[in-house]
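S.K.: So you can see what is in the structure, the chains are spelled out below.
There are 2 protein chains.
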Amino acid sequence: MDILAQAQQLDSEDVLKEKRKAFSIPDNTIYLDGNSLGPASHAAQMAGQSVLDAQWQTDLITSWNVHDWIRLPRIVGAQIAPIIGAQADSVIACDSTSINLYKLLHSALNLQPDRHVIMTQQGNFPSDGYIAQGLMAHRSEVSLIYVDEQDIIAQLDESIAVLMLTHVNYKTGYMLDMAKITQAAHALGILVIWDLAHSAGALELSLDEHEVDFAVGCSYKYLNGGPGAPAFIYVNPIHHNRLKQPLTGWMGHANSFAFEQDYVPSDGIDSLLCGTPNIVSMAVLKGALTIFSDVDMSDVRQKSLKLSSFMVSVIEQHPALQPLELVTDMDDARRGSQIALAHPDAYAICQAWIEQGVIADFREPNILRIGFAPLYISYFDVLKATDSLAHIMQCKMYRAQQYQTRNTVT
Amino acid sequence: MDILAQAQQLDSEDVLKEKRKAFSIPDNTIYLDGNSLGPASHAAQMAGQSVLDAQWQTDLITSWNVHDWIRLPRIVGAQIAPIIGAQADSVIACDSTSINLYKLLHSALNLQPDRHVIMTQQGNFPSDGYIAQGLMAHRSEVSLIYVDEQDIIAQLDESIAVLMLTHVNYKTGYMLDMAKITQAAHALGILVIWDLAHSAGALELSLDEHEVDFAVGCSYKYLNGGPGAPAFIYVNPIHHNRLKQPLTGWMGHANSFAFEQDYVPSDGIDSLLCGTPNIVSMAVLKGALTIFSDVDMSDVRQKSLKLSSFMVSVIEQHPALQPLELVTDMDDARRGSQIALAHPDAYAICQAWIEQGVIADFREPNILRIGFAPLYISYFDVLKATDSLAHIMQCKMYRAQQYQTRNTVT
Numbered sequence: 014m015d016i017l018a019q020a021q022q023l024d025s026e027d028v029l030k031e032k033r034k035a036f037s038i039p040d041n042t043i044y045l046d047g048n049s050l051g052p053a054s055h056a057a058q059m060a061g062q063s064v065l066d067a068q069w070q071t072d073l074i075t076s077w078n079v080h081d082w083i084r085l086p087r088i089v090g091a092q093i094a095p096i097i098g099a100q101a102d103s104v105i106a107c108d109s110t111s112i113n114l115y116k117l118l119h120s121a122l123n124l125q126p127d128r129h130v131i132m133t134q135q136g137n138f139p140s141d142g143y144i145a146q147g148l149m150a151h152r153s154e155v156s157l158i159y160v161d162e163q164d165i166i167a168q169l170d171e172s173i174a175v176l177m178l179t180h181v182n183y184k185t186g187y188m189l190d191m192a193k194i195t196q197a198a199h200a201l202g203i204l205v206i207w208d209l210a211h212s213a214g215a216l217e218l219s220l221d222e223h224e225v226d227f228a229v230g231c232s233y234k235y236l237n238g239g240p241g242a243p244a245f246i247y248v249n250p251i252h253h254n255r256l257k258q259p260l261t262g263w264m265g266h267a268n269s270f271a272f273e274q275d276y277v278p279s280d281g282i283d284s285l286l287c288g289t290p291n292i293v294s295m296a297v298l299k300g301a302l303t304i305f306s307d308v309d310m311s312d313v314r315q316k317s318l319k320l321s322s323f324m325v326s327v328i329e330q331h332p333a334l335q336p337l338e339l340v341t342d343m344d345d346a347r348r349g350s351q352i353a354l355a356h357p358d359a360y361a362i363c364q365a366w367i368e369q370g371v372i373a374d375f376r377e378p379n380i381l382r383i384g385f386a387p388l389y390i391s392y393f394d395v396l397k398a399t400d401s402l403a404h405i406m407q408c409k410m411y412r413a414q415q416y417q418t419r420n421t422v423t
Numbered sequence: 014m015d016i017l018a019q020a021q022q023l024d025s026e027d028v029l030k031e032k033r034k035a036f037s038i039p040d041n042t043i044y045l046d047g048n049s050l051g052p053a054s055h056a057a058q059m060a061g062q063s064v065l066d067a068q069w070q071t072d073l074i075t076s077w078n079v080h081d082w083i084r085l086p087r088i089v090g091a092q093i094a095p096i097i098g099a100q101a102d103s104v105i106a107c108d109s110t111s112i113n114l115y116k117l118l119h120s121a122l123n124l125q126p127d128r129h130v131i132m133t134q135q136g137n138f139p140s141d142g143y144i145a146q147g148l149m150a151h152r153s154e155v156s157l158i159y160v161d162e163q164d165i166i167a168q169l170d171e172s173i174a175v176l177m178l179t180h181v182n183y184k185t186g187y188m189l190d191m192a193k194i195t196q197a198a199h200a201l202g203i204l205v206i207w208d209l210a211h212s213a214g215a216l217e218l219s220l221d222e223h224e225v226d227f228a229v230g231c232s233y234k235y236l237n238g239g240p241g242a243p244a245f246i247y248v249n250p251i252h253h254n255r256l257k258q259p260l261t262g263w264m265g266h267a268n269s270f271a272f273e274q275d276y277v278p279s280d281g282i283d284s285l286l287c288g289t290p291n292i293v294s295m296a297v298l299k300g301a302l303t304i305f306s307d308v309d310m311s312d313v314r315q316k317s318l319k320l321s322s323f324m325v326s327v328i329e330q331h332p333a334l335q336p337l338e339l340v341t342d343m344d345d346a347r348r349g350s351q352i353a354l355a356h357p358d359a360y361a362i363c364q365a366w367i368e369q370g371v372i373a374d375f376r377e378p379n380i381l382r383i384g385f386a387p388l389y390i391s392y393f394d395v396l397k398a399t400d401s402l403a404h405i406m407q408c409k410m411y412r413a414q415q416y417q418t419r420n421t422v423t
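Chains as they are written, first to last, in this note's numbering: chain X, 14 to 423; chain L, 14 to 423.
Worth flagging that the hints you see were computed from the coordinates, not collected in a lab.
Some hints could be false.
The list makes no distinction among identical chains, and a pair is therefore deemed to hold if it is satisfied within one copy or across any two copies.
Calculated lysine to aspartate or glutamate pairs in the DMTMM-like style (CA-CA distance at most 20 Å, straight line) [what the hints assert, rightly or not]:
# : residue 1 : residue 2
1 : K319      : D40
2 : K397      : D280
3 : K257      : E154
4 : K319      : E329
5 : K184      : D275
Quick caveat, the model's predicted, so the values are computed rather than measured.
Isolated chain X, as found in the complex (with noise of 0.2 Å):
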């Protein structure tokens, strides 16, 4: 079979070709950025509209019980436990991912005393070591060491308090064995907090059953959640109103609206919150969490492994193509839901992409990434990219272009 009619079938085959049709994605564009940032969906755009013409045109202050604003950062939590593995009453939206963190590694810290030394993945994504190098300020007992992540298990022992690792490297795509870190850490009295902001919405999680102690992520990538969504934490059930987390605003309290002097926590997940949240971000999210609610995430990840898995042998025929060399351990078990090419001229490739209408972002030094979003993405979109770039790399398009900025958002 040629690669067209392959594309073709693996297309017809896909049980998940309907949910494109929820998404607002321009003509003539294929995204392979969704684990940078979400597209639009047809439900998150409704939702942002109705909580701004509808509710808060409308109702006013009152909204916040009409339309149960108040506890929107709940309602949020429950639609992304599923989607994560947790049971409802254990996620919670608020803040962001670097903020969320920050709550949890000093909760974690509190929880083990007798310990003081954080241990992270080298090449984790910087945000979360500078959250711990800004507590480290002061708390000058806590200290932070970096392992390679490979290694990670072997480097394990009765000193660290805290294991924080990223699941999916942002850069890399490479995937850690959560089960088994998780495991093995707990075995060393170890409390592990994972960063799933290159997971959730693109892969399987178990949090739950993998006894998971905490998680935080972003829900702006495959949760398509919309630019700077609010992010979310899961605690597992068997810590809950353990917790001394320190950013102890008023929506964290017990009797918010009691005006009380003194602060008590919540019971539960509740106690994580902070202050006011951000209603109409928190809408949008609602809005576009809805197209997971009948999702099956064994099917995400099987399509997700298939579509990176079309697009490296594609590559592989392609003589244009070969100057890119694959960063991505392509083992099922060790792979997130993207893929990295290393190539000098990175940055560049990635502009003139764009140009031909494929979205992918360029990761310093020079990494071209390519994210795979399920949801949205098929396998004839894939071929058609890989084509694009390699008439780019044949043609050298890349040389001509004058490229000014570098920034966008993880």
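Given the coordinates of chain X, work out where chain L should sit on it, guided by the hints.
M.R.: Relative to the frame of chain X, chain L by itself:
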């Protein structure tokens, strides 16, 4: 002149009267709760629609540069700056008021290594105290003391590191003398953080001129930025590049997109950023703030004072309203942009008023809180609202009501 003629005369002389057209307030509604949640405006709604339908949908990830999303926290900060009497690069929009207060409290304490006391006023909005309490849980040397709002200057001494005050009391509307208190604190080496939640957008503020050190504020009240809109931070230029704030996320890094392992703070106000900004909410806020671009804040302040004193004069003339006890100090130098009326049935009265189309709010235990937003409230509105309240009191309409929910966001 009778009272109706007086209202009409005041309205005809009102230099801000045309501003009302900018807002999307429902017909037959008089909105006296802008100090809890400002109303929608056409500009805010259009900005929201534009970010969802034009920017996110069409330009996807490239919007971070094409639509300058990456600079929105500074752009919005620069819009807020003239409203609070600050230079543009001293204000940034981000996160929530509570989280921003945490950043500033830590930063201010770090500048005062030999002092460990935070002082605040009794009856301050509770979340401000909660944030200090959360910080104290992991900075055991720090303590928090509460003093009477009438007695702040007399209680200052050289043990105090940081004076954390809310400028206008959320319940009573009592306004502190920002210039005098800041000066008295500085004379004793105390740094001052002002919470402008009930000030920004309704009063004339002069942060730079009064040499205020730090401020936080809320943009969903008198700035009409939308429910849970991003908050803001002001840092006096003398403190730029001296701050070590603990929430060190990648957006506060000197070079966010270099993905370096170690945190290096940005210069200036950008170092107060943490995670990815909430773009949809930020865009709505940016739209809302355009309404202020040609407004003189001294006109706003003058009208605010006249609106509240007009209502009090009408109340005084209605025999049916005498059971409502005026709690607010009506001295122009000591009141913000609201009045508070105490009554044992305040909650039920408030609900009955809302059913008559006049939206105010209730605060525990017995306060009917009435906010005056000069950009969309007329003197005639105030007269009609007061007549409606008199009718409710006269007929004891509130006695017949069943009221279930009491929670609304300040």
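S.K.: The structure should be examined with respect to each hint, and the outcome stated for every one.
M.R.: Structure-based check of all given hints:
no., hint, result
1, K319 / D40, "neither (24 Å within a copy, 56 Å between copies)"
2, K397 / D280, "neither (51 Å within a copy, 44 Å between copies)"
3, K257 / E154, "both (18 Å within a copy, 18 Å between copies)"
4, K319 / E329, "within (15 Å within a copy, 76 Å between copies)"
5, K184 / D275, "between (44 Å within a copy, 17 Å between copies)"
In this structure, the earlier hints numbered 1 and 2 are contradicted, and the remaining ones agree with it.
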